[in-house]
Structure formats: C-alpha cells, structure tokens
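J.: Residue-level listing of the chains:
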Amino acid sequence: MVGSLNLTISLLEQTCVYLVIAHLLSRTRLFIPVMHVTIRLPHKVACYLIFSIFCIMGTYFGLRLDDSIANTRAIGAVLGGILGGPSVGFAVGLTGGLHRYSLGGSTDLACAISTVAEGLIGGAVHRYLIRRGKIDLLFQPVRVSAVTFVAEVVQMAIILLVARPLPVAVHVVQNVALPMWIANTLGAGLFMRILVDRRVMVEKQSSVFSAKALKIAARAEGVLRSGFNEENSARVARIIYEETGVGAVAITDREKLLAFIGIGDDHHLPGRPISSGQTLQAIAENQVMYADGNEVAYHCSISPNCRLGAALVIPLRGEGAHVVGTIKLYEPKTRLFSTINRTLGEGIARLLSAQILAGRYEQQMHRIEQQQQLLAQSEIKLLQAQVNPHFLFNALNTLSAVIRTEPELARQLVLNLSTFFRKNLKRPSDEACLADEIEHVNAYLQIELARFTGRLAVDIDVPPDLTHARLPTFSLQPIVENAIKHGTSRLIGDGRVRIAGRCDGSDLLLSVEDNAGLYQRQPGGDGLGMGLVDRRIRSRYGDGYGLDVECDPHVFTRVTLRVPLEELAA
Amino acid sequence: MIRTLIVDDEPRARTELANLLKGAGDVEVVGECANAIEAIGAINRLVPAVVFLDIQMPLISGLEMLSMLDPDRMPRIVFLTAYDDYAVQAFEEHAFDYLLKPTDPARLEKTLDRLRRDHAPQSVDVLGGGDLLRQIPCAGVNSIFLMKIGEIEYAASRLGGIYVIGADGQERFTELTLRTLEEKTPLVRCHRQHLVNTEHIKEIRFVDNGLAEIHTVSGQTVPVSRHYLGPLMARLGIS
Chain A
-7 MVGSLNLTIS LLEQTCVYLV IAHLLSRTRL FIPVMHVTIR LPHKVACYLI
43 FSIFCIMGTY FGLRLDDSIA NTRAIGAVLG GILGGPSVGF AVGLTGGLHR
93 YSLGGSTDLA CAISTVAEGL IGGAVHRYLI RRGKIDLLFQ PVRVSAVTFV
143 AEVVQMAIIL LVARPLPVAV HVVQNVALPM WIANTLGAGL FMRILVDRRV
193 MVEKQSSVFS AKALKIAARA EGVLRSGFNE ENSARVARII YEETGVGAVA
243 ITDREKLLAF IGIGDDHHLP GRPISSGQTL QAIAENQVMY ADGNEVAYHC
293 SISPNCRLGA ALVIPLRGEG AHVVGTIKLY EPKTRLFSTI NRTLGEGIAR
343 LLSAQILAGR YEQQMHRIEQ QQQLLAQSEI KLLQAQVNPH FLFNALNTLS
393 AVIRTEPELA RQLVLNLSTF FRKNLKRPSD EACLADEIEH VNAYLQIELA
443 RFTGRLAVDI DVPPDLTHAR LPTFSLQPIV ENAIKHGTSR LIGDGRVRIA
493 GRCDGSDLLL SVEDNAGLYQ RQPGGDGLGM GLVDRRIRSR YGDGYGLDVE
543 CDPHVFTRVT LRVPLEELAA
Chain B
321 MIRTLIVDDE PRARTELANL LKGAGDVEVV GECANAIEAI GAINRLVPAV
371 VFLDIQMPLI SGLEMLSMLD PDRMPRIVFL TAYDDYAVQA FEEHAFDYLL
421 KPTDPARLEK TLDRLRRDHA PQSVDVLGGG DLLRQIPCAG VNSIFLMKIG
471 EIEYAASRLG GIYVIGADGQ ERFTELTLRT LEEKTPLVRC HRQHLVNTEH
521 IKEIRFVDNG LAEIHTVSGQ TVPVSRHYLG PLMARLGIS
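Protein chains in written order, with the numbering used here: chain A, -7 to 562; chain B, 321 to 559.
Derived by calculation from the structure, the hints in this document are not laboratory data.
What you are looking at is a predicted structure, and each value in this text was computed from that prediction instead of being measured.
Just so it is clear, CB atoms sit at the ideal spot from N, CA and C, and this is done for glycine as well.
Be a bit skeptical, because a hint or two may be false.
What the hints assert, rightly or not - Quick look at which bits of chain B chain A covers, simulated, 3 or more residues with Cβ under 8 Å:
(1) 328 to 338
(2) 376 to 389
(3) 459 to 465
Stated by the list, open to error - Some but not every residue of chain A turned toward chain B, in silico, with C-beta under 8 Å:
(4) N386
(5) T445
(6) G446
(7) S481
(8) G485
Start from the sequences and build out the full structure, keeping to the hints where you can.
T.: See the structure below:
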C-alpha cells in the first residue's frame, strides 16, 4: 500500500511535467485546431498527430515496474477520441498501442488493445454528445476525468483478461491500478482545463479588441466626412484618446498638426507645422513609423521636458493611396504600447482614411450638383430672354406684308407678338399652369401660321380638366418651336403639328408631334432648348420625368413631356 | 422691264416683296416660287434677269440652290434674309446684293438702281456656288427625292427633260440641266444627250463607225458618240 502511494506520487510528478509541456504547446498555433471540436479532415489529422504524440509521451513518462509500465497514455487516447471522434480516437489508440507493444513485456499486447479501447471510449462519448447536440459538455474537465477513469477501469479489466500468465497480470494490476487511475483521471481533466482556459483567453482578447474597434468606429462615424479640418480632427482625436487609453493622440495633415489630445498638449499645439522626423518620414514614404520607446525611443522635437516616450505614426491615405495626413498614438516614457493599441491604431487609420475619402467625394459631388443646377437656371433665363431672331424678323416681315391688305390679321399678329414677348420676358414664378403655357405656345403658333399660310396646320388637344396642371414655366414652347424650326419648316409639302395632353396615372403627359420625322440627336447645337427643358424637369422631379423623343424618319417626330400631375394652388 | 423671279417659302413674304417691286414701275415679276426645286425649273423656263432669293428654305437652301443652276443661264441674284449674321457678312465682303426682311422701300430702291445700271450676273462661287453637288433633287408626283451622286448610273436628256437613272433603272426627272450636272458633278459626258458615272462602268463595247456602248454594272446600256469617245477614254486613263 505504501509502495502504491509512492508510485502514485511519482506518477503524478511525471504527469506534471507532461502537463507543463501541454501548457506550453497550447500557446502555439499547433493547438488552434484542437481547441474546438474537429470535423474537417485536415483538423482531424492535426488532432490525431497531436494526441498521438501525447499518447506516446505518456508511455515515455511512465514508470517502469518489473516488466510493465505505469503510464499516462490514456490521456492522449481519450482526449483524441473526445475531441476528434471515434476515428481519431481509434487511430490515436492504435498508434499509442503499437508503440507500447514495441516496447515488449508481459502486458504488451493487453496494453496495446486497451489503448485502442480507450481511444474508442473517448470517441463513443464524442459521438454520443455530438448526436445529442451537447457539444459544450465535451469540454467539461470533470466529464473528461470521468471518462478517463472509466477507460482506465476497462484497461485493467483487459489486462486481467488478456495478459498471461494470470498471476503476473493480477500482480501488475494490483501495483499500477490505483496510481494510474488517479494520475490519468486528474491529468486528463487538467489537460482539458488548459485547453478551455486557452480558448477563453483568445476569445476574450479578440472580443475586447472588437468591442473597442467597433466603439471607436461608431463614435467617429461621419465626423471627418464633413471635412478634414482642425475642428473635426479634434473631435476624432478625443474619441480615440478616450477609447484606447493611450497617452496622447494627434492628427496631422501633410503640413501641420490639426489636433492633439492628451499628455503634452501644453506644447503640441494645433496649427503648428509638423516637426517630428518620424511623421515627416511616414508622410514621405507612405508607411507606418513606430518608435516603441524601448529599442527606438521617441524624442519630442518641441520640448525636452515632454513626457512622451513612444509613438506610432500611421499615414492617412486619400485618393490613389496618396498620403493626406497622419494619425499618431503616443505613450509616456513610463508605459509601453499594448499590442492591441498598435493593431487598433492601424485599423483606426484605415477607418479615418475611408471617411476622409468619402467626405471629399461627397463634397465634390455636391459642388458639381449645385453648379449644374445654377447653370440650368441661368441657361433657362438666357433662353427665355433670347428670342430666336429669325422668328422675330420673319414675324415682323409677315406683319409688314399684311398691314395694308389685312389690317384685322395685322392687329391679331401684334397682339400675339405682345403675348409671346410678355410670357417670354417675365414670369412671376418658376411654375405655371398648363393653360398659361398653352397661351404662350398659341401666341407663337398664330404667328407661325401667318408666316406659313397654307403650309402649316396645328391641332391642340388638351382636355379642359388638365388646364390647371402645373409645370415649370417655359417647358412647352421650346418643344413646339423645335417641331416647327427643325421639323415642318424643312418640309416641301404641308406640315402638321399636334399638341396633346393627357393623364397617365399620377403623371401629366404632353406630346408634341410633327409630320416631318427629321429629328436627329445632336450633341449640344440646336437641341439646346429641349435639352435644357429635359434637364430642368429631371433635376426638379427626378429621373423618371423629363422628355422622351420618338422618331420615325420622314414620318413623324413625337416629343413627350412627363411631369407629376399637380394642381396649381389657386 | 427687269424680268424678276421671287423665291421665298413664306407666301406673305413673297406678296410683300411683289407689292414693293410693283411700285418701282420698271420691274416685271415673272413668277413666284416656294422652294428651290420649283425655282430651278422656273429659272430654266422663264430665264429671269434677276432672282430675289430667300436663303432659308426647306430641303435645299438658297445658297445650295445656286450650285444647281446652269452656269450659262445664271441670273443676277439678290439675297433675302430675315436674320443671318454670317451670310450678311459674306454678302458685304463680296459686294453682293441683299435685302433684309422686313424690307425698307428706300433700301430696295437702292438695290434696284444698281440693277438698272448693271444686271450682269456675279460669280457666286465665293459663296459656295462653285462647290460640287453631293445630291441631285428629283421631282416626283408629290415629293422631292434627293438622289446621291454615287447612286446615279447615268443621266439622259429626253424629250420631257433631264432624267437621272440609278441602278434600279428608274428614270427620275430633275430640273437641273445636263450642263449643270456635267460641271457640278463627277458625271462624264459620253454622248450629246448622255452623262455617265464612271464608277458604274462595267464594260465599253465598240460598235461600227467609231461608236461604242457602255454597259453599266447593273446591265444598262449608255451610248457613246464618236466625238466624246476619245475624251472619255482619256478620262478613264485608257489611250
């Protein structure tokens, strides 16, 4: 009994060494695959290799007793089975078993068989728990201990059954059973504990990191978008300073310091030109500069009394990875940079770079949009003010032709001309009702009809209930003028123009159709008026509205104007 | 009396000018035309001394029309325009007669004075009148057909007038004279009454008495007279 106790203590000592090795290895990448239940083949192979090594190691760390070995081989086999499943358990057991068999002794065969059995027991537990969906239970150290204990009981039974002669087997079991039960049961449980602890630590670290990164991202969202300037930089620097807990945070553009928060803000003043060599180098070479305060020290270029001793300078990149500035994290001489903050710093730099880029793009788009709107407005005004001189002089010529022979027609023409000019020159608002626009067009058409007597026919078909519909002023006339100027007036034969209005759901459709079919899409040029009308309607109501042109060459051109149907408030 | 033709696509504008011209006393308006095609025919038929010609007209502008006139029977031109900075500048530069619409009777009187002293036609080449034609206006029953030069196989003078014939064999009547076509297009004279498009010649077959026949790509036959055979061969680079 005393011998058994001594053996137990000795075997536990060996187990300690074994577990220290397991602990050290658990810190390496080797152990990543076994920290989770392994399903995919490459992970199963890794699992098999690792636990086979531990299985064999268990034999080596065992204590030779006569011709048998008190060992911790079971830990490897059972854990291999529990984490890798029956196949891995069997393979680990077989490997460990064959190794044991090669060492000989009266129990060699029995030990080999029992190691395989232990692996299979671990595998059976794995399969049972996985099928029931209780994966978490696999990682419970107590459960692993219990399974190992059972496996060891089975091993002793196998030795008694297989090893011959029987008295020798009984003797061996008497000697090693207790120490091995205790050592393996404890060892397996502790081994699992090491794995679980390691896993928890890794997850905790990454969750702390993600939480910090997400919080900074959420708080800094959109700040730099509205402009990369001192005010916004100061806000962002404060957020980073508060969230990371570094000694100080600075943001610069290419020339000067934009913001500085934290230790040393008494002499690192925003607006000062950049003086730090590391920052200048980071900007010039577009790379991260790191003075860890240990191997490379950071020396403040402004004040010799500055408490800062370590700096991380990360370039902020704009269009085409061009450096637009830097973000700098500092730690005082009394502290070193945490790895988390270093990695975080680079992530923050990427986040801010993206924001600056997005901000510049948005500003540009906004400016272009504004300019286009202004341009469209002024162009329309210009177009309104500028009456086609051909039209004007031809109208006057017609007038002079009829003034003696047809005085009544001449009077009508004068009235039409004055209506046309009044509508052209001045409108109280940007919007008019359809009746107003038709009046403008009608004045124009009456003059054209007088010019092209007999060669032009006009048909206006707009239902009375649409006459109150609203549309931008000066929308219809340019289309009608186009139909005549670039359409019917180029026909040798008779020209016809038809203006029709109708509802289409909640839209007002106005179509102007001529029988010339001479429409040609011109880049700029004569289509100027129509292009402006189209652009103005689109910028006002959206891309679903505007002008649509259909043309069947030499048969017809039909321009359809679409605006939302709205009644003009009386 | 100065025989005068008015060409303008606006009926009231024609009436107005005709009324103004009547007041002059020594001007006879022999016709009014609403477009260039009518005008070419009228000029060939009526042989006016002066044409008042609107620049802006459908299909063929006044300036384009000038290239289609027979150079031998070119009348004196007075341009009419309501507004055309560019053209007016060109008229001033080359001392052409022009009138702005609406027309000031005093200004018209000055123009008529010049015409009374000298109504010899000016060369309109500087205004683009010397340019080669790209297409030939052909009059249909109710339409005008613009035939591209490249599509014409040959042109023929028949009893009814001048016809251009394409690969489809259809004869299309044109107001242009053979002389105009010969001068203003790449068509080549091969017979007193025929011009041929050398691009469409497939074969020249010699017959008796130094005469020949051209067979066109589409299989039509065009006669070649003795007089024009030599120059035609020279033109084709065959000696």
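J.: Which hint numbers doesn't this structure obey?
T.: Hint check: nothing fails, all pass.
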